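*Asks:* Protein chains in written order, with the numbering used here: chain A, 149 to 473; chain B, 149 to 473; chain C, 20 to 356; chain D, 20 to 356.
None of these hints come from the bench; they were simulated from the model.
None of the values given here were measured: they were computed from a predicted structure.
No residue lacks a Cβ here, since even glycine has one placed at the ideal position from N, Cα and C.
Don't take each hint at face value.
[Stated by the list, open to error] Residues from chain C shown here face chain D by an in silico Cβ test under 10 Å; the list is partial:
id, residue
1, 78
2, 118
3, 292
4, 302
5, 312
6, 314
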Amino acid sequence: MQQSRTDILRAYRQMRMIREFEEKLHIENRSGEIAGFTHLYAGQEAIAVGICEHLTDRDYISSTHRGHGHCIAKGCDPRLMMHEIYGRADGLCKGRGGSMHIADIDKGMLGANGIVGGGPPIAVGAALTCLARGDGSVSVSFGGGGSSNQGTVFEAMNMAVVLKLPKIFVFELNGYSEHTGETYMIGSDIVQRTEGFGLPVFQADGFDYFSVHQAMADALEHVRAGKGPCALVAEATRYFGHFEGDPQNYRAKDEVKGLRETRDALLHFRARVTEAGPLDAAELDAIDSEVAAFIEDCVTSAKAGPTPGPEVMLADVYADYQDKP
Amino acid sequence: MQQSRTDILRAYRQMRMIREFEEKLHIENRSGEIAGFTHLYAGQEAIAVGICEHLTDRDYISSTHRGHGHCIAKGCDPRLMMHEIYGRADGLCKGRGGSMHIADIDKGMLGANGIVGGGPPIAVGAALTCLARGDGSVSVSFGGGGSSNQGTVFEAMNMAVVLKLPKIFVFELNGYSEHTGETYMIGSDIVQRTEGFGLPVFQADGFDYFSVHQAMADALEHVRAGKGPCALVAEATRYFGHFEGDPQNYRAKDEVKGLRETRDALLHFRARVTEAGPLDAAELDAIDSEVAAFIEDCVTSAKAGPTPGPEVMLADVYADYQDKP
Amino acid sequence: MTVKSVRDALNEALFQEMRRDPSVIVMGEDVSGGAGGSSGSRDAAGGIFGVTKGLITEFGEHRVIDTPISESAIIGLANGAALTGMRPVAELMFADFVGVAMDQIYNQLAKFRYMFGGKAKAPVVVRMSMGAGMNAGAQHSQTIYSMLSAVPGLKVVVPSNPADAKGMLAAAIRDDDPVIFLEHKALYSTKGEVPDGEYIAPLHGANLVQSGKDATVVTLGRMVPFSQKASAKLAEEGITFDLIDLRSTSPIDEELILESLSLTGRLVVVDESNPMCSIASEIAAIAAEKGFSSLRGPVIRVTAPHTPVPFARELERMYVPGPDRIAAAIRKAVKGE
Amino acid sequence: MTVKSVRDALNEALFQEMRRDPSVIVMGEDVSGGAGGSSGSRDAAGGIFGVTKGLITEFGEHRVIDTPISESAIIGLANGAALTGMRPVAELMFADFVGVAMDQIYNQLAKFRYMFGGKAKAPVVVRMSMGAGMNAGAQHSQTIYSMLSAVPGLKVVVPSNPADAKGMLAAAIRDDDPVIFLEHKALYSTKGEVPDGEYIAPLHGANLVQSGKDATVVTLGRMVPFSQKASAKLAEEGITFDLIDLRSTSPIDEELILESLSLTGRLVVVDESNPMCSIASEIAAIAAEKGFSSLRGPVIRVTAPHTPVPFARELERMYVPGPDRIAAAIRKAVKGE
Ligand SMILES: Cc1ncc(C[n+]2csc(CCOP(=O)(O)OP(=O)(O)O)c2C)c(N)n1
Ligand SMILES: Cc1ncc(C[n+]2csc(CCOP(=O)(O)OP(=O)(O)O)c2C)c(N)n1
Ligand SMILES: [Mg+2]
Ligand SMILES: [Mg+2]
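Chain A extracted, bound-state conformation (with noise of 0.2 Å):
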């Protein structure tokens, strides 16, 4: 699929905010101000913006446990994330939400998900609106390897099939569910499990942006000409443990090393669009630092964030009356 400059520079640019976001998360959460559990995507950019670098506020998704790149990528604002995760008053959920529960549904985002497989049974039914409105819009669920054994997420595939519903299912298969390969946990391969399931299963190099943009464009492709569900597959890794403060015993010391070394998404794509394509190192080296300044900023505004009283607590459990204090 060909993409204009300004497509590649604003895809380098989303992936570069989650990666700075992350790993500004991952320097910050050693101060002990961020409370809660923190499981960052840095390492996977490629997939969450290679994915909604295709959709639009009138597309859906669901995410995960580990979300931020999907929120970021779907255009939830890093700031009111980030105050979110600081849990300001301010913050994208009022504080209420957190790191696992960032959502924003007039972007299209219905939630990061404490649960895993929670999320994918929600996106079918969003996929369910997209269908009745008629107006090309899909439903993306996210999750990862781990995720792909929860029978709610079984369910969620059969189900779409059935209904034929414009839903796409995206594994992210980052080598680990916790603390324990993902490999032992799938008992056969995922790609044939869920083509077993009725759905075509688009491959791509997870941490190359432009593999995962040509696979989602051939899964829209499908699922935009009626012919059902279908599935994008991707490998990738994750930088960090699998939350902040894991140990990762069950990880070889310089596993994550080689491959910040070898393939690193953000690396691969300058190469990519500065040898052979139509960037020069400079315009990416001044997004670098646009971002990485926004984000030190988000941090700030973060940190100096109104913090929630009794009225957030109470509020919002109904749309109609509220507890009493």
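For this one, chain A is given, so just place chains B, C and D with the ligands on it according to the hints.
*Replies:* Here is chains B, C and D with the ligands on its own, set in the frame of chain A:
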């Protein structure tokens, strides 16, 4: 697989027992004396018997809402079952279970189940015990085509593969899931979908005892060779409605009539063992009348059985204490 | 007003709301039925209890969606559709089946709005049949409302008569919050006057079914007619009571209960559920906490025992609180031991 | 006696029981960890909270079973193994995850013995971490015990200290009934004296932690240390109370509660759960029903609000009943408004 005269006679007797049990229940049901939901198995006898003839009390099965056939085939006492269905204090479950919850742990029968998809995860657990014992015993779950779409069943299949358990998943395709065709709700081919999980699938003609018996022999060989779990898929039909009282609006008027004439597992068996085989019709006739008399007697004694009192209601919630009345 | 069964009243509400608002859709197992069957009829079931009968004929299979046996995906379907603008009415057939869909109900549906900062709304109605009375055994006879009323973010309603069945289902569909709509299976054929034409009954607020002087009896669902029977017996003995039909178990109409209690001084709660952490417990607790100064004697809870629902006719009859047990409890509350 | 953390006490109980009885097996996600990893270590996790650490090394992968993310199948695995002679200890990691395994817990495990005529036994222990305190948000911080205590057939226990953690886990494993074993995630590092060697603590029966004259305070889990803190404050004001650690929420030790109430006349229940249909409600109801004549004032429930568990530090701190709120409630109970 070669079967002795005794084997064949016993298999026929078991099939006849199920058929007679169900036909009788169907008639008795009209009297209004039988409480609750009753789902009849008539038409599918060859499957339960073809499979369970291979099993002993050390092997386990889990069953479904349509469980009478599996129970009888696995060795539950039909008289105690009848008493249970009539809600008697001396029924197999003291009248607390009813048709949908018949179980007999001593016979390796881990329960009919009111929850579609409830049985397979349990049977996977029993397979863990079989593996630990290392005595070649196996665990079998029965389920309908409709049940194959339940998340718990998918999870159970993957779990059995991951843990390489001696577990056989049986799917009986009787065409319907309540009032809806099974083909409507299985989005793809059930055999391919099951194979996608890494389960070899043995197929059988569910109207033909010998076909099922052979497929189960193959399945057992696979499992006992330590190759992990597998599945057995058999097509059949149910002669009656989904439950007793079902008007069957989804079914063409003469659908069953035709099948009763051309695809009756008992007629087929009879023809095969008398025409080419070692038995003569009189022997089978004798079994038929003996079984008919026995079932008649079961109904008579069930009708006269003791009704359960409050002590039955309050017992056995816990092993070591009892609720206050 | 026309005399109708609960079943027909519910069906009428669905027709009413689906005609009015194209975003209302229905989904579940056999909500139409017949797909892939040999008779060719697509209205072969209309729901296992007939509540969705006829909908497919008028609204078609894009709005009346038959599903596989995949309850998590059924609720997921409703959840995702609701977040994106539809008003889905999902059917779970038997309330007992919440176990295979619980996460989508209690961790997803109930929490979207709160977790997502108040931006999202999820106007899902989850319809389920519940309760004992058909000898359907331990896995098809539970009440479930206590379990779900405990969950912040869900509204839970339990209509006890045809008028409420119609009016509350319509209100539930129009409500912007998730509503668990529980239909007592032993009441589907109960008849009563139902307002004709468009009719909405408020979701919140209990109903004072009858007034009396000696006690406050709080109850719901099938226990309402049973308590009315008890009332007939007790009237002969000169005992009368306020009979409150809760209608909604979340939120609970505390005001009405406490007001009545302040007049009668005696409280009996009648609940078909198992006793522990039940709605009966909750109401007794409300009385002990906020109505203590009104209480002139111990609160009495009339509930099922702490056992699964047994199958046999005699056992189920003992299990379910009946008019006699209810009358005895009220008598005891009023007259002491 | 040795001073140990709850985490280590639990770990010790598992070693103790697995050594003693070869039918005890452990299963769950990452109970060992490391399978398919690049480090080659099979004891890479030992449970997300470290409770099953080291088990794989001694007992091997046939008794310490790492599973896929398939909670229904995990509980099914335990259920089927238990029915056929094993004593499985299944781990659900976070109690909030019951939603994806609920049917196997409440319709299967809880009901086997009853439905199957009393022949079956299902000695499954389901271990789960629960509660707020780590800012883990709405789907990783719930308490769950009320929901499960409502289910006949389950025993539900909530140890509050290292000695009970060890003794009750061992007792739960030896018990022939299903036991839901809830570990408060904010207590894992709490230390206390733990008996050395084989140690069993009864599953049933509450514990009178301290005696006083002015009120009965019934509580459990993390609320026990919080109530102790409240006690220190109140002692300065001359207020003392009986502090009862429930230990088990099913069954509930009614006797101890009622006996204490008969002496103090005032009841405060402190429960980290949401208020509706909670253990707090249940105990208030028991008091209103069976302890009414002892009650000299309104029962007070101290609970979380009717909201999901919020994420932010400040919000979670407001959400969880803390020593100050507990002290205020006791003061109010004792001194009136
Ligand atoms: C229902 C449920 N089970 C278990 C967990 C705990 N958990 C959180 S993330 C995770 C691993 C997910 O692995 P994968 O799907 O591969 O995603 P990744 O973390 O690799 O992005 C697990 C087991 C959970 N949150 N929800
Ligand atoms: C979890 C759950 N969902 C739905 C039902 C209602 N139900 C009972 S049997 C059945 C159809 C099962 O179809 P199939 O698996 O093909 O078995 P068959 O009835 O044909 O033997 C349904 C939907 C149930 N009992 N449990
Ligand atoms: Mg992964
Ligand atoms: Mg079928």
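*Asks:* Hints numbered earlier in the text: which of these fail when held up against the supplied structure?
*Replies:* As far as the earlier hints go, only 1 is violated by this structure.
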